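A.B. asks: Chains as they are written, first to last, in the working numbering: chain A, 1 to 320; chain B, 1 to 794.
It is possible that some hints are incorrect.
Unchecked claim - Computed cross-link-like contacts, SDA-like style, restricted to lysine to any residue with a CA-CA straight-line distance of at most 20 Å: (1) A:Lys312 - B:Ile690; (2) B:Lys183 - B:Tyr62; (3) A:Lys312 - B:Tyr62; (4) B:Lys689 - A:Arg309; (5) A:Lys312 - B:Phe736; (6) A:Lys312 - B:Glu676.
Stated by the list, open to error - Now the in silico label distances, taken between C-beta atoms and shown as ranges: (7) B:Asp707 - A:Gly266: 35 to 45 Å; (8) B:Ser721 - A:Leu124: 48 to 58 Å; (9) B:Arg777 - A:Gly266: 51 to 61 Å; (10) B:Leu129 - A:Leu230: 54 to 64 Å; (11) A:Asp316 - B:Leu146: 50 to 60 Å; (12) B:Lys183 - A:Ser182: 28 to 38 Å; (13) B:Asp707 - A:Pro196: 28 to 38 Å; (14) A:Lys312 - B:Lys183: 53 to 63 Å.
Hints are computed from structural coordinates only; laboratory data are not their basis.
Every value quoted in this text rests on a predicted model; they were computed, and no experiment measured them.
Even for Gly, the Cβ is constructed at its ideal location relative to N, Cα and C.
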Amino acid sequence: MNLSTTEIQEFAQIVIDNVEKVIIGKRSSIELVIIALLCEGHVLIEDAPGTGKTMLARAIGISTGLSFKRLQCTPDLLPGEVTGVSIFNQVTREFIYRPGPVMTNILLVDEINRATPRTQSALLEAMGEGQVTVDGITYPLPKPFLMLATQNPIEFEGTFPLPEAQMDRFLFRLKIGYPEISEEDTMLQIQQNSHPIQTLQKAVDSLNLPGLQWQVRQVHVVESVRRYILNLVHQTRNHPALLLGGSPRSSLALFHASQALAALQGRDFVIPDDIKSLAVACLAHRIILNPENTLRGDTPDGIIRELLRNLKVPMDVKPG
Amino acid sequence: MRNVSASPSVIGRKSGIVEAGIILVLISFILVLTISGITGALLDNNWVPLWQCLAAGFTTGYLLGISKSSAGRSFLIVAALGLLFVILFSTRVKSQFLDVFTSMNSSLNSQSPLFNPGIDYISLNKQGLSLLKSITAIFERIITWLSSLVSGKPLIDPVALVIAWAMLIWLISAWAGWVIKTKQDPLLAVLPALLINLGTLSSSTHVPFSTYIILGAILVLIAVVQFNRHENRWLHAGIPYPERKYRHIGAVATLCATVLVFLSVFISTLSFNKVIEWTTNQLGPASPGENTLVESLGIRRTLNSLPNQFTAYQNPGLPNDHLIGSGPELSQELVMSVEVLELPPLRGSAQPVPFYWRGYTYDIYTGTGWNSSTAKQEYYEAGQPFRAGDLSAKTIARLMVRPVPGTDRTIFSAGDPVSVNIPSMAAWRSPSDLFGIQKEGAGSYKIQTLLPLIDENGLKNAGFNYPTSITRRFLMLPAGLPQRVKELAIRLTATEPTLYDRVIAIEQFLRNYEYSLQVDRPPPTQDLVDYFLFESRKGYCDYYASAMVVMARAAGIPARLAVGYASGTYNLKLKRFVVSRADAHAWPEIYFPGIGWVPFEPTASQPTLHRPEQVAVVDSNLSPLRTNQDDEIWKPKNFVSYAGLGFLSMILIGVAWVILDEMRLKKLKPQLAAIEIYRRLRSYGILLKIPFERGETVDEFRLLLIDRTKIIYKAKEASLSSLIHDINTLCNNIIFLVYRPILGEGHFENNLIANWKALRWHLRFIWIIGIWNTLLRKITRIFTGFPLNKARQS
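Excised from the complex, chain B in its bound form (with noise of 0.2 Å):
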């Protein structure tokens, strides 16, 4: 039996460590895998950030409950550390605030007098534009994806994406840790976890077996939390109870809760689904808002999945698939030649883009090659237009294609095709997705054709208003895509504000890779792209085009395949393009809301694609400029700029400032430059709070600084001596240049005005605590009511 009455205080702090500690594993181990159960309803699992957003959380939150700051101050430092993390961690930001903190340090370590500052000030100030183009640009990300999901036409945007999910599971690590430390509730540590969860869950059919072990692990610690409610009530009331039963209590919970658990694996495979459908129509049909929705969220939808690479072979009479690898004939062997018949006279260039004579369009990507989704066969007459032409933002052209005899029956056209002069089977894989055109008859054939007016600013101003259609087929990766492709695409595009912008930051990435026909296959087991990204590092168009299309689908960028041929060359005696076997080309095709398919160009022995700043037709019968059709999603980025400018310059003026001030201290006289330093460094003292007296010395400034500077660092003096040297030196420096008449002591000056550099910016650091403290002093009187250290003395 404990004894109650001998010493309850020892016995519960000896019994406290015990649960303490199985508490704290139980809650690792709910937390774990109520994270690794919302990874797991992710379109992209296997984040790296939101694991280590779970440890950085916990331990955050851990802390500051050890450091017993109060809710409304903890909520601000978990806030902020979370988000200077995310998004460190989950972009290329990190790479950049790395640049300019080593390049600021260096700086910063320079004490030699010679060293000129201009060229140190310019490329960190690069660096920090850079930095700081790039924060705006994913705050900008985040703004729009939120203002989207809050207009109800919910965006793709993985960066936002990842940057929101691993924000979230911060807070909910950082809650768990919080709540363990200070209000020692376990089971509301993990609340949020397990509501997230569920929502997850709720909304994905797709239910992971270690649901079933978190149900374990939470009975079990229900009933490690009851029995230590029950225990300290007895040990309170003076009742006696037998010291073995703890063990009994814990094995016997463990073996309900293994039971238990058993049973709801049994019984949930047919009861869960049930669950949801049940309440879904209680409240009433899932309307496709919802589910795009639920998908811009990231959840996986298995019930949605489109037909698979099996299907699209129910078509034989067209070359659906298309498997890279299978070599590329470049002989000159002619195939065909291309007249432009008609095409109306264009503002700004003599041609819209240099023409890709299109065959097929790919949209499944397996892993190692291409296919298409199943496609309806259609017969069309001579003439007959394949769709109604939309004309805006695109302009008619006629060609005039001669296939070289014995070649196949493949209708290659620039643009979309209107009509063919010869009777032709048109696949379709959707009312408005062409997968390629076939001719039924021989010879050659005129197409009428729209091309898309391309150029840079339309191209910028796209916007992300995509149509369902497109996102459902033209975003789908293969669920064996590597990790680290994804990871490539979000680090190259987290960055970039506009699409147009993301795509040519693939698009350039990609044209640094070498181009080589002699290319082993990759292994059957591995993945092509990722081959051709981080292993053999070469490859031809096929290579190319692949890698390009679906790192931008990566990036939540609806892309796709395109083959046939580039455009050959242009024969001035003929007047026609001449198009030979060695033109065979693949490209990625990347659809602009607005606008439609555009190619791109990432294969590094193609010539770059040079897109006129605006292209309009002169004829303005045929098509007015392109509507704006993107304008209803609310875009900050105006503020944003006009906020980044008005910062940018901020920083120039003041670098010039610091530049020029230098300057003239380093033109006055010694004893001077010394009391205009002086001056200054008081002027900090003010900031920092140290009163002014009239009759202040120099010395009894420097003793009350380093005083002050001990408080607000809180810190012992060993782990200041750099700082405190620095201010004594500087003080002792002052002190002999204004009181000691002796002159042409050059290197007290020089060493004054460097003293004086490397201290301001600790100065100031400790201004930015001091002012850092007194906030957290002001809101934690707001939030508690009273001051801080009252708080801890009750």
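Just chain A, same shape as in the assembly (with noise of 0.2 Å):
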């Protein structure tokens, strides 16, 4: 059966070329934000202030013509000024929901470890489940539901670090970064007048979201390939420097985002560059260190890469 990947290859090169108005330079990261969407997994985007994480977001909201709404945590949000309430109507003395912020396709959550590990609860059924419950109410979240969580590494103070079962259900954790310096000056010169954001326009006329996630799920995967990605998970299981390894959702990730990524490149089957492209983002947040490797200054990414560089890439076919 022959697979035409050409439609997802074109709404990301649309989609990515309108967003890179916004965002100079960061291909990459508008990239597996953009296979998250396909993949309907999250993110979680951790950096430091003002690299601009929001903008990424709402131009990916704006360029795809979904609804895009921000939360800010701080410890004194609350559960419900997330999910939406329940008021009673004086009139019809009947309680109507009042949707909160989480009612949208897209919805930025800033500075995600602020919030109370209440309020993060609630925000992990969202994540997880695509429903928020409210009163004993369950309400289904619209389709496509992508969650963009940001989070600053470099303070501590007054935080509320997520918990090992919220950091998994992250699909990838990408790190932005600076800009360079040219691409740092051209952000300076388009944004003399006006932010581009303010004209940023709708790229895609009609999002047909669920097409291009069936298509992205019939991406070939080979044996080998899989073999490799098992192999990969199992590896950080068995690793000396790991507390925790990566979760059998953790497989599951690569394989659909390895999916999603070949479909992204015009390819209809995964090759291992694939998965090692993606492995970082996806397994990086994943895995905890022995506090003794920690203070060795291993960090999980550099284990996930030495992992990459040593394992044995399979070419070979099964016989049969």
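Put the two chains together into one complex, using the hints given.
C.D. replies: Okay, structure coming up:
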């Protein structure tokens, strides 16, 4: 069966080009967000303030024509302020559900680690199940639902670090990083008069996201490539430097994400390079280092990279 | 006044360009004149390769100077290039090399999977083998020649001579180019050229006029260099000097040089020879061995020139002059009959060769015909032996010759006559060199003669150990012999290993010419052989025989012309050969060391001479087998032939392996073939020193390979685009086949193998370049003591 990936490729190309008008020189980050969108995953953006985290989320929202809401987390943010509340209507004498900011396609949760664990767990349900429960009544979230959470890795005071369970629900953790000098200069020139986000237009006319998502799932993954994913995740579980390895959910995440990346590059089959380029974004936030390795200066990213260097890329074909 | 303090660097550069230009012109002038001086002193002047060597060698040296490579590396490159260049340009290896190259190219370019590689490999292999054989033969020749020089029994070998001189001139020119660029010392640059010119001048008495011009040019050059040196010193010391002084000094230097040269022209005619005489007297009288050494180096010795054609007329009694074009008489009129009275039974053949009834032999080719050197006449009584017979490799035969009354007095015989039963008059050019015999009486005669036992094995093993008397007389060529005749002879014989092969090569070449009796006489100014070989391209026996003798001599093989009659018809009833005027014939005879004069038959109308592989006299009383006299010179033949055989079989095995391997790849499943090809590609990667990482993917390797290729080639991407395209295509095909589970797309597989074949050659080439680069770097490190890069920085 032949599969055409041109639709996905074109979609990604248009969106990325459009977003690049606002975010300069961060093509790989934009690609990862698009992949997350295609895989129905969520993205944790971890970086210093002012690197364009919010702008990235907004630009993608505008470009795809999806609804976009922003939620600034503070320690006094209540779950109801996220999910919405039921209000007693004096006229009709009944409770009416007032939807919160979570009822949107793209939700930007700024500084998620400043919210209290209670609020975080409300988000957990939204991320995992695609629904929210208010006063015992469950309300489904709109489809698609993409949560982009940001957290500032510098400041730890007054924060509630995300629990491992919640980390695992993010498809990727990405670091935008500072732009190059030349890119920053371009940014300054562009933004001299007005911010380009003001004039940013919707790039796709009619978004058939479920259709695209279905196509992504059809991308071929041969046995040897599957084995490569499994070997990689399995190695994180037995790695001496790691307290906690990748979950089965991480294998699945890597699997789907590599399918999406292959489709984005116009291929209808996954190659080990796809996995190698996604592994750090996909796995690093799901593993926990031993305290001594942390002290030694190891990082999860470094451990994953080392694994990739040493894990043999399978090329053999199983007989039969 | 030149302002020194302002900007000396600018002034220096400006005047530097002018001076460099003058120096360059002077040096090329001197080089050209020196080479012409050297070639003028050579026996065979006007060699085309020498001039090409001069130009190419100089350019190579200059370019190496620009590239700033170290001395050792430059020398290696120059030597290798020179050898290649010289061998390619002086022999017919060039055409063979081009053949191999073009067929290799076409096989590389044929991408079609339907193309059958078997046929191509075979033809390629054949061409490669012949090329290899030729090159081996040439090297063998050079080695034999060099060892003969060392052993003190120098051979005369025009091919080795051309190669050696061309190589020498190449090295001189390259040295000049290199020194000019790197050391900026023009005098040092032309020094070797001058030394060699002096060397050749001192061993020959031929002083060309160009020597004086060289002298003048050197004087001017010295003036320029000296002035340059002074100017630099003045600039450094800050001494102001007049700007126009440069021109003044130039004019004065040229004038002085001219005056000196004129003086030397007038004085040297007296002094040069005297100086040489004086030095030779100081060194002791020159021995004949030294003379032959000089001759074998190809340097002309005017003192030793032999008597010319005028002195040949001193003996009016014998027909010395054999003018070609007098018109053959082809009537059936009988001349004589010859009966073989006694011939020992021979093993291997009924008779040694078809009999040729020889009348006269000629040694001097005049350009229009043949002539004999002065011959001394001696009277012999009936039965008196002419010479004491040397029986080695010969057998005695007795012939009964019955001439028809009224014919001339010439005594005809096969082989070397020993005695005749009637009084006779023999003419000898030298004690062992017979011109011809005439009878003093009339009627029939019985003649005893020595027939050389000629077989192929003996001829092939003859070696090159010529007596000096033979090489003195039978290698002479007229000064006006056109260059193209010599070149043709050398092309034909350069790659033939043995003397016999060389002679056969000339013989076979001439047998392709058209036999015709209707030939116009060549124009009086044109050389007869040249006219026959290149213009009329047809002729009769005289033309064929002359051409063969001249070409053999040009190729360094002693040869002479024999005139007489061919065998005639054998009358079975009378049991004798009946010879008519139509059998009148001229044929070349080639001297084989240890055997003697052997007839050959280049004339197309005559049957070819079939020589048995081995001939021996059954009667052991008469003569043993030929003794081997030429084992003294060390011959590397065995070693070379074994090495060649080993190399050959290696090539054959390699070709077979390639074919089998391709068949196996085609039989494999596409994915497995792709994996196998990738494995090999990766191993080439290791050869190219691309580090291997366990977690490396095909695509990552592709990028590494492309990067590495660019580094090794040191070229821009544009010039590598086809190679990079090949790498990309191959890797993408591999990725496609390995990671995409859809089968039944056969064209991918075929493309894959074709792609791989094309790429493989490239990769090997890159590998060799890589090794070469590393080697050079190491050699540079040895020579200079530290890495090249550092040297450049400092």
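A.B. asks: For the pair supplied as a hint, Lys312 (chain A) and Ile690 (chain B), confirm whether the alpha-carbon distance does not exceed 20 Å.
C.D. replies: holds (17 Å)
A.B. asks: Does the Cβ-Cβ separation between Asp316 (chain A) and Leu146 (chain B) fall within 50 to 60 Å?
C.D. replies: holds (59 Å)
A.B. asks: Hey, Lys312 (chain A) versus Glu676 (chain B), does the alpha-carbon distance stay inside 20 Å?
C.D. replies: holds (16 Å)
A.B. asks: Between Lys689 (chain B) and Arg309 (chain A), does the CA-CA distance stay at or below 20 Å?
C.D. replies: holds (18 Å)
A.B. asks: Tell me if the beta carbons of Ser721 (chain B) and Leu124 (chain A) are separated by a distance inside 48 to 58 Å.
C.D. replies: holds (54 Å)
A.B. asks: Between Asp707 (chain B) and Gly266 (chain A), does the beta-carbon spacing fit 35 to 45 Å?
C.D. replies: Given range 35 to 45 Å: violated, Cβ gap about 24 Å.
A.B. asks: For the pair supplied as a hint, Lys312 (chain A) and Tyr62 (chain B), confirm whether the alpha-carbon distance does not exceed 20 Å.
C.D. replies: The hint is violated at about 52 Å.
A.B. asks: Does the Cβ pair Lys312 (chain A), Lys183 (chain B) satisfy 53 to 63 Å?
C.D. replies: Holds: the Cβ-Cβ distance is about 56 Å, inside 53 to 63 Å.
A.B. asks: Starting from the range 51 to 61 Å, see whether the pair Arg777 (chain B) and Gly266 (chain A) falls in it by beta-carbon distance.
C.D. replies: Between Arg777 (chain B) and Gly266 (chain A), where Cβ atoms are some 43 Å apart, the hint is violated.
A.B. asks: Is the hinted pair Lys312 (chain A) and Phe736 (chain B) satisfied, with a Cα-Cα distance of at most 20 Å?
C.D. replies: holds (19 Å)
A.B. asks: Taking 54 to 64 Å as the hint, is the beta-carbon distance of Leu129 (chain B) and Leu230 (chain A) inside that range?
C.D. replies: holds (56 Å)
A.B. asks: Within 20 Å, alpha carbon to alpha carbon, are Lys183 (chain B) and Tyr62 (chain B)?
C.D. replies: Status holds; Cα separation ~11 Å.
Checked against the numbered hints given earlier, this structure breaks hints 3, 7, 9 and 12; the rest are met.
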